[in-house]
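Novice: Sequences listed follow chains E and D, in order.
Residue 717, in our numbering, is where the first sequence stops; the numbers in between run on with no holes.
Residue 717, in our numbering, is where the second sequence stops; the numbers in between run on with no holes.
Any given hint could turn out to be false.
Stretch-level coverage of chain D by chain E, calculated; a stretch enters the list once three of its residues show a Cβ under 8 Å from a Cβ in chain E [to be verified]:
{"#": "1", "region": "374–385"}
{"#": "2", "region": "473–479"}
{"#": "3", "region": "512–518"}
{"#": "4", "region": "541–551"}
{"#": "5", "region": "613–625"}
{"#": "6", "region": "645–655"}
Taking lysine to aspartate or glutamate pairs in the EDC-like style, the calculated list, with each CA pair at most 16 Å apart, reads [stated by the list, open to error]:
{"#": "7", "chain 1": "E", "residue 1": "K562", "chain 2": "D", "residue 2": "E481"}
{"#": "8", "chain 1": "E", "residue 1": "K709", "chain 2": "E", "residue 2": "E441"}
{"#": "9", "chain 1": "E", "residue 1": "K583", "chain 2": "D", "residue 2": "E328"}
{"#": "10", "chain 1": "E", "residue 1": "K562", "chain 2": "E", "residue 2": "E614"}
{"#": "11", "chain 1": "D", "residue 1": "K557", "chain 2": "E", "residue 2": "E481"}
{"#": "12", "chain 1": "E", "residue 1": "K557", "chain 2": "D", "residue 2": "E481"}
{"#": "13", "chain 1": "D", "residue 1": "K465", "chain 2": "D", "residue 2": "D440"}
{"#": "14", "chain 1": "E", "residue 1": "K469", "chain 2": "E", "residue 2": "E442"}
{"#": "15", "chain 1": "D", "residue 1": "K287", "chain 2": "D", "residue 2": "E273"}
{"#": "16", "chain 1": "E", "residue 1": "K317", "chain 2": "E", "residue 2": "E265"}
{"#": "17", "chain 1": "D", "residue 1": "K583", "chain 2": "E", "residue 2": "E328"}
{"#": "18", "chain 1": "E", "residue 1": "K251", "chain 2": "E", "residue 2": "E371"}
{"#": "19", "chain 1": "E", "residue 1": "K711", "chain 2": "E", "residue 2": "D645"}
{"#": "20", "chain 1": "D", "residue 1": "K218", "chain 2": "D", "residue 2": "D440"}
{"#": "21", "chain 1": "D", "residue 1": "K562", "chain 2": "E", "residue 2": "E481"}
{"#": "22", "chain 1": "D", "residue 1": "K470", "chain 2": "D", "residue 2": "E442"}
{"#": "23", "chain 1": "E", "residue 1": "K465", "chain 2": "E", "residue 2": "E702"}
{"#": "24", "chain 1": "D", "residue 1": "K240", "chain 2": "D", "residue 2": "E273"}
Label pairs and their calculated CB-CB ranges [as the list claims (entries may be wrong)]:
{"#": "25", "chain 1": "D", "residue 1": "D379", "chain 2": "E", "residue 2": "S220", "range": "46 to 56 Å"}
{"#": "26", "chain 1": "D", "residue 1": "G558", "chain 2": "E", "residue 2": "K218", "range": "49 to 59 Å"}
{"#": "27", "chain 1": "E", "residue 1": "F584", "chain 2": "D", "residue 2": "V374", "range": "25 to 35 Å"}
{"#": "28", "chain 1": "D", "residue 1": "G330", "chain 2": "E", "residue 2": "K643", "range": "35 to 45 Å"}
{"#": "29", "chain 1": "E", "residue 1": "A628", "chain 2": "D", "residue 2": "R386", "range": "13 to 23 Å"}
{"#": "30", "chain 1": "E", "residue 1": "K576", "chain 2": "D", "residue 2": "K709", "range": "50 to 60 Å"}
{"#": "31", "chain 1": "D", "residue 1": "R499", "chain 2": "E", "residue 2": "L375", "range": "46 to 56 Å"}
{"#": "32", "chain 1": "D", "residue 1": "Q570", "chain 2": "E", "residue 2": "I315", "range": "46 to 56 Å"}
{"#": "33", "chain 1": "E", "residue 1": "K701", "chain 2": "D", "residue 2": "D502", "range": "38 to 48 Å"}
{"#": "34", "chain 1": "D", "residue 1": "E611", "chain 2": "E", "residue 2": "N706", "range": "53 to 63 Å"}
{"#": "35", "chain 1": "E", "residue 1": "C699", "chain 2": "D", "residue 2": "R386", "range": "44 to 54 Å"}
{"#": "36", "chain 1": "D", "residue 1": "D379", "chain 2": "E", "residue 2": "N331", "range": "50 to 60 Å"}
Rather than coming from a laboratory, the hints here were simulated on the basis of the structure.
Here a beta-carbon is modelled for each residue, glycine too, at the ideal position from N, C-alpha and C.
Protein chains: 2
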Amino acid sequence: MKQSIKQMHTFFNPRSVAIVGATKKINKAGHVIFKNFVENKRRGVFKGEIYPVNPYENSILGFQCYPSVTKIPGELELVVIVVPAKIVPNIMRDVTTKIVKAVVIISSGFSEVGNHELENQIVTVAKKAGIRILGPNCLGVYDSRMGVDMLFLPETRVLTTGDEVIATPRPMPGNIAIVTQSGAFGVAALDYLTGLQIGVSKFVSFGNKCDVNEAEMLHYLLYDEETKVILLYVEDIKSGREFIKVAEKVTKKKPIVALKCGRTEAGARAAASHTGAMAGSDRIYDAAFAQTGIFRAKDMEEFFDVGKALAMQPPAAGKNVAVITDAGGPGVMAVDECELKGLNVKRFSEETVQKFEKLKKAGRLPKFATNLNPVDLTGSVTSKMFELATKIIFEDREIHGIILLGLHHTPALQEDFIDKVAKVASKYDKPIVTCDIGETEMALHTRYRFDKLGIPAYFSPEDAARAMNALVRYGLYLKKNNCLKEYIQNFLKDKRKPQFT
Amino acid sequence: MKQSIKQMHTFFNPRSVAIVGATKKINKAGHVIFKNFVENKRRGVFKGEIYPVNPYENSILGFQCYPSVTKIPGELELVVIVVPAKIVPNIMRDVTTKIVKAVVIISSGFSEVGNHELENQIVTVAKKAGIRILGPNCLGVYDSRMGVDMLFLPETRVLTTGDEVIATPRPMPGNIAIVTQSGAFGVAALDYLTGLQIGVSKFVSFGNKCDVNEAEMLHYLLYDEETKVILLYVEDIKSGREFIKVAEKVTKKKPIVALKCGRTEAGARAAASHTGAMAGSDRIYDAAFAQTGIFRAKDMEEFFDVGKALAMQPPAAGKNVAVITDAGGPGVMAVDECELKGLNVKRFSEETVQKFEKLKKAGRLPKFATNLNPVDLTGSVTSKMFELATKIIFEDREIHGIILLGLHHTPALQEDFIDKVAKVASKYDKPIVTCDIGETEMALHTRYRFDKLGIPAYFSPEDAARAMNALVRYGLYLKKNNCLKEYIQNFLKDKRKPQFT
Chain E
217 MKQSIKQMHT FFNPRSVAIV GATKKINKAG HVIFKNFVEN KRRGVFKGEI
267 YPVNPYENSI LGFQCYPSVT KIPGELELVV IVVPAKIVPN IMRDVTTKIV
317 KAVVIISSGF SEVGNHELEN QIVTVAKKAG IRILGPNCLG VYDSRMGVDM
367 LFLPETRVLT TGDEVIATPR PMPGNIAIVT QSGAFGVAAL DYLTGLQIGV
417 SKFVSFGNKC DVNEAEMLHY LLYDEETKVI LLYVEDIKSG REFIKVAEKV
467 TKKKPIVALK CGRTEAGARA AASHTGAMAG SDRIYDAAFA QTGIFRAKDM
517 EEFFDVGKAL AMQPPAAGKN VAVITDAGGP GVMAVDECEL KGLNVKRFSE
567 ETVQKFEKLK KAGRLPKFAT NLNPVDLTGS VTSKMFELAT KIIFEDREIH
617 GIILLGLHHT PALQEDFIDK VAKVASKYDK PIVTCDIGET EMALHTRYRF
667 DKLGIPAYFS PEDAARAMNA LVRYGLYLKK NNCLKEYIQN FLKDKRKPQF
717 T
Chain D
217 MKQSIKQMHT FFNPRSVAIV GATKKINKAG HVIFKNFVEN KRRGVFKGEI
267 YPVNPYENSI LGFQCYPSVT KIPGELELVV IVVPAKIVPN IMRDVTTKIV
317 KAVVIISSGF SEVGNHELEN QIVTVAKKAG IRILGPNCLG VYDSRMGVDM
367 LFLPETRVLT TGDEVIATPR PMPGNIAIVT QSGAFGVAAL DYLTGLQIGV
417 SKFVSFGNKC DVNEAEMLHY LLYDEETKVI LLYVEDIKSG REFIKVAEKV
467 TKKKPIVALK CGRTEAGARA AASHTGAMAG SDRIYDAAFA QTGIFRAKDM
517 EEFFDVGKAL AMQPPAAGKN VAVITDAGGP GVMAVDECEL KGLNVKRFSE
567 ETVQKFEKLK KAGRLPKFAT NLNPVDLTGS VTSKMFELAT KIIFEDREIH
617 GIILLGLHHT PALQEDFIDK VAKVASKYDK PIVTCDIGET EMALHTRYRF
667 DKLGIPAYFS PEDAARAMNA LVRYGLYLKK NNCLKEYIQN FLKDKRKPQF
717 T
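Chain E on its own, in the form it takes in the complex:
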């Protein structure tokens, strides 16, 4: 492992960590973060040493408390700082007396509110000592596998009714990394993904990025085995050249999905007043993302939907998409969205059409099913019919990806169509995405089961089409760079294809 990667690794897997500002006061950031480490250590997940630092306490949650970092015996790799901004420079000077590799500064009150001088002070101290800084003004790191959890927002909250409810959920382990400039958006993303049962490999909120920036994070994640897809939320990118260089390297191995707001003039103005940074013309970002093969999401929903698609399915080797449906109207909605995104929903080859006609004559598909693309299996659809149609389309060499709309309301359709379709899909290396419409039990079950089998399911036909579009765009990018085959081989090796349980 390269030295620089090793140092970055300290943020996610420290052998020892001090929490400066640890306290007994409930719900204080310094309390929540320290408690997170303590609980994860007791569960055997976090394996490093933990040191609370607070001159006014003797012990916190059973751990001996130190008045200063300088008093901690032995090795210290990582320091998490949760004290008021104005005393952070002093803390940093203490830190340099130990051989510390990395510091996370959670505290706010630096350049984001105009205190550039204060921020410069800590950067100077750290540079001199060879210490890397994440933050300030950030949420730090979350890594469920390593038991590192710097989120200072408690996982649950008690309502006035006395009910305790999940408020800032910790996600389960998964293969999507979240890299975010905004902490607020970061926790919202965790909440969103956790609710949809989508797992996260690593979470990093880098705030003011006075030292470690998005480019370095991407570079680190390139070598992180757990991470297969990177979701990047940025408000500005300062070192553009470095970013492009790294991103070009990463996207050939792992897809990056970016959400960069401030697209309009008023939006850019609002963003500037928020982060203090001039974001520059939005077109420059468009160009940079296009050049580096980063998929730029047009809104929050697409950001998550596309991340899920890329995490579960291989990219498409071309633009020809097939739509299979049991409901005519939603089928047309999917076609519309595909065409608006520049995908082709063209008539199937004569060979494929004839396969359908044969099955119709044999009574194995509904007499009035249409099969020119979309394939409309009508309200008479059965599980077997979905299975047959999916197989025929996967066999069509001219088709690069499938959007399957399986609305569960049709009377003869049994829930086993999900497993049947997933089993067929597992034999091909083309992507498939699905949709069921509805928000009550059977629709939630259908989407959940598809997701579980590795086939991303969406709640509208247009969302499914947008997800397929991202799989096509990424496939075309890899193809242009002669690395599509290698990517798909690695993808299959990961066993990201549907698993039957």
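Given the coordinates of chain E, assemble chain D onto it according to the supplied hints.
Specialist: This is chain D only, laid out in the frame that chain E set:
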């Protein structure tokens, strides 16, 4: 009540109904529909007479069965037909021997599969007898208040695990009417709205519309007191002139949201092969919707989101929108989407800015809050701050609507901010929409509580901005037609403003 309206009313509130094709066979359409009426009658919701018609049964579910409609004693207002297409003409001839007002033909197998002759036969018979037909090839009518439920898809389904789950939910009473050409999309819509706890006034699936068409439905709903908003899903409109005439009348009193797919060439081709009807240029639909003040949704999600907004909030009197947020990034996302839709997120008046500055100086708002638009109350936000900011913005005469992003993750924010904001909003006749991001308990609670208090809540900043856009568009349309004031007066009379419970 006009004669024509009275006759249409029979579909929703018949004094007597015969179900031709009623059967004991479980899960058959004729069984499910008959049972729906029986259960609703036993619960005292459906108050009319029920007659099963089936020559092979003596009684079904305890009701005496008749071999033919002609044998039913006394008055008969409505007939629901659920028998194979080829015998429907014979049934129709039986029906004409009674003084029947209306017939719903659920059966498929008519013009949608090329059997135009069969469909013409039944139309000729009905015209001669002065009977109105809904369908064929439709799901008919659902009206929870009247206990009319012709949905032949069972409400629940049993999974292979033995679990019984909701599959095709019946919605609760509400003020949104659904008028749909596609039955499949219709049930999907019910499933979607029910899951989000959005109530429905009336549901009509009109299928092949051999007689009653969308224009007549809109005309009927204009006079339906329960219906405040109409969601219209169409694949084609055949009598364009009649439609425009009626729609112009309706939209001055009640908003109509349309979803018309087949927007692209490939989509139109797919739609044509689905319904058999040539849909015509999509631009003609755009023009017709624009002329009549119908809001055309760009996709399924916008269709529902906009319907919810118009059902809960008054329209905006202009294009100036304010964004209030506790999270910078999501605030910028909302601004971006507003600007992309042509709304103005302009700097507040000096008076408003000064009000904020005063509160900041007094320590009642965070020192680093921004207040030029968006108002960013930062992660230090409290319930009281949201309340103060909302009040200041509502008081600004230049602002026509508010998008409030209340991300619940901020540590000092208590759940009572929802009620506080709703209480302020109830004193003004400007619209407000909200957003919280997340899919776990606290986010679901936040959105649900806002919805319950009459403030539509969305799961992304962009969705909230799109909902506000529809409120602005409808407001501008009403203003242009000099009926905005009257509409808002009626809106307030309905007490659609937040209710505190």
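Novice: Determine for every hint whether it applies to the structure shown.
Specialist: Hint by hint, here is what the structure shows:
no. : hint                          : result
1   : 374–385                       : holds (count 7)
2   : 473–479                       : holds (count 3)
3   : 512–518                       : holds (count 3)
4   : 541–551                       : holds (count 9)
5   : 613–625                       : holds (count 3)
6   : 645–655                       : holds (count 3)
7   : K562(E) / E481(D)             : holds (11 Å)
8   : K709(E) / E441(E)             : holds (13 Å)
9   : K583(E) / E328(D)             : holds (13 Å)
10  : K562(E) / E614(E)             : holds (10 Å)
11  : K557(D) / E481(E)             : holds (13 Å)
12  : K557(E) / E481(D)             : holds (13 Å)
13  : K465(D) / D440(D)             : holds (14 Å)
14  : K469(E) / E442(E)             : holds (13 Å)
15  : K287(D) / E273(D)             : holds (14 Å)
16  : K317(E) / E265(E)             : holds (15 Å)
17  : K583(D) / E328(E)             : holds (13 Å)
18  : K251(E) / E371(E)             : holds (12 Å)
19  : K711(E) / D645(E)             : holds (11 Å)
20  : K218(D) / D440(D)             : holds (13 Å)
21  : K562(D) / E481(E)             : holds (11 Å)
22  : K470(D) / E442(D)             : holds (11 Å)
23  : K465(E) / E702(E)             : holds (14 Å)
24  : K240(D) / E273(D)             : holds (8 Å)
25  : D379(D) / S220(E): 46 to 56 Å : holds (52 Å)
26  : G558(D) / K218(E): 49 to 59 Å : holds (50 Å)
27  : F584(E) / V374(D): 25 to 35 Å : holds (29 Å)
28  : G330(D) / K643(E): 35 to 45 Å : holds (37 Å)
29  : A628(E) / R386(D): 13 to 23 Å : holds (21 Å)
30  : K576(E) / K709(D): 50 to 60 Å : holds (57 Å)
31  : R499(D) / L375(E): 46 to 56 Å : holds (51 Å)
32  : Q570(D) / I315(E): 46 to 56 Å : holds (53 Å)
33  : K701(E) / D502(D): 38 to 48 Å : holds (44 Å)
34  : E611(D) / N706(E): 53 to 63 Å : holds (59 Å)
35  : C699(E) / R386(D): 44 to 54 Å : holds (52 Å)
36  : D379(D) / N331(E): 50 to 60 Å : holds (57 Å)
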